[in-house]
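Enquirer: Residue numbers (this note's numbering), protein chains in the order written: chain V, 853 to 961; chain Y, 853 to 961.
Just to be clear, a hint being listed does not mean it is correct.
Since copy identity is lost for identical chains, a pair holds within one copy or between any two.
To be verified - Here are the simulated lysine-lysine pairs, DSS-like style, with alpha carbons at most 30 Å apart:
no.	residue 1	residue 2
1	Lys895	Lys867
2	Lys924	Lys901
3	Lys924	Lys874
4	Lys958	Lys874
5	Lys895	Lys857
6	Lys857	Lys874
7	Lys898	Lys924
8	Lys958	Lys869
9	Lys924	Lys958
10	Lys901	Lys857
11	Lys898	Lys874
12	Lys857	Lys958
13	Lys901	Lys874
In short, the hints are calculated from the structure, not lab data.
2 protein chains.
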Amino acid sequence: MEESKREVKHIVLAKFKEGLSKEEIEECIKQFANLVDLVPSMKAFKWGKELSIINFHQGFTHVFESIFETTKGVEDYLSDQNHVDYGNFLMPQLDKFLIIDFEPTKVQP
Amino acid sequence: MEESKREVKHIVLAKFKEGLSKEEIEECIKQFANLVDLVPSMKAFKWGKELSIINFHQGFTHVFESIFETTKGVEDYLSDQNHVDYGNFLMPQLDKFLIIDFEPTKVQP
Chain V
853 MEESKREVKH IVLAKFKEGL SKEEIEECIK QFANLVDLVP SMKAFKWGKE LSIINFHQGF
913 THVFESIFET TKGVEDYLSD QNHVDYGNFL MPQLDKFLII DFEPTKVQP
Chain Y
853 MEESKREVKH IVLAKFKEGL SKEEIEECIK QFANLVDLVP SMKAFKWGKE LSIINFHQGF
913 THVFESIFET TKGVEDYLSD QNHVDYGNFL MPQLDKFLII DFEPTKVQP
């Protein structure tokens, strides 16, 4: 069943500003995760600190992965007031970010 | 069970060079996927074209997501001759790339 379900991943790479405390960063992550409860089209959220072995990560420190069922779902999320408010809270705390969406596809042998 | 299994994601963002044919790009993706059969620590592979609604993806055209169980698994993959050969094949076909690893974590409510 799960294999046939469509999934769009919304990946945010973020570099937090120098000087932010661990608690401030944790609050950003917690509020990001909280959007799952506020935005109907956002189905899941995971995050992780950058753990790269090789130095091709361009200084990004965190990865945020949100799951939607369609690109329309991402669109609804982007325009949702809860997301807009969160963006206004998060952005001033970031040095830089990159956002990319894709639909994970398996290569058939 | 799945929740307790450790997972490290190795994300590659790529921008293919202008002028590559659809077939040449497909061959790059197919050979990337083929590494799952060649490199023991690489557990799964998915890919997708960039589908972003907003323009913060910095020109990257494709996302490649490989799954490992540990960062040691990523390390073994990076030094595996099959991966090295594939990298030598892929890199000249890219305008740019970004590679970042993370361990997807859920935020506990």
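Enquirer: Does each hint fit the structure? Answer for all of them.
Expert: Hint-by-hint comparison with the structure:
1. Lys895 / Lys867: For lysine 895 and lysine 867, both the intra-copy (24 Å) and inter-copy (28 Å) Cα distances are at most 30 Å.
2. Lys924 / Lys901: both (28 Å within a copy, 16 Å between copies)
3. Lys924 / Lys874: between (34 Å within a copy, 26 Å between copies)
4. Lys958 / Lys874: Classified as between: cross-chain Cα gap 17 Å, same-chain 37 Å, threshold 30 Å.
5. Lys895 / Lys857: Both. Shortest intra-copy (12 Å) and inter-copy (21 Å) distances satisfy the 30 Å Cα cut-off.
6. Lys857 / Lys874: between (37 Å within a copy, 26 Å between copies)
7. Lys898 / Lys924: both (20 Å within a copy, 21 Å between copies)
8. Lys958 / Lys869: between (36 Å within a copy, 23 Å between copies)
9. Lys924 / Lys958: Both. Shortest intra-copy (22 Å) and inter-copy (24 Å) distances satisfy the 30 Å Cα cut-off.
10. Lys901 / Lys857: both (28 Å within a copy, 18 Å between copies)
11. Lys898 / Lys874: within (18 Å within a copy, 32 Å between copies)
12. Lys857 / Lys958: both (13 Å within a copy, 21 Å between copies)
13. Lys901 / Lys874: within (12 Å within a copy, 34 Å between copies)
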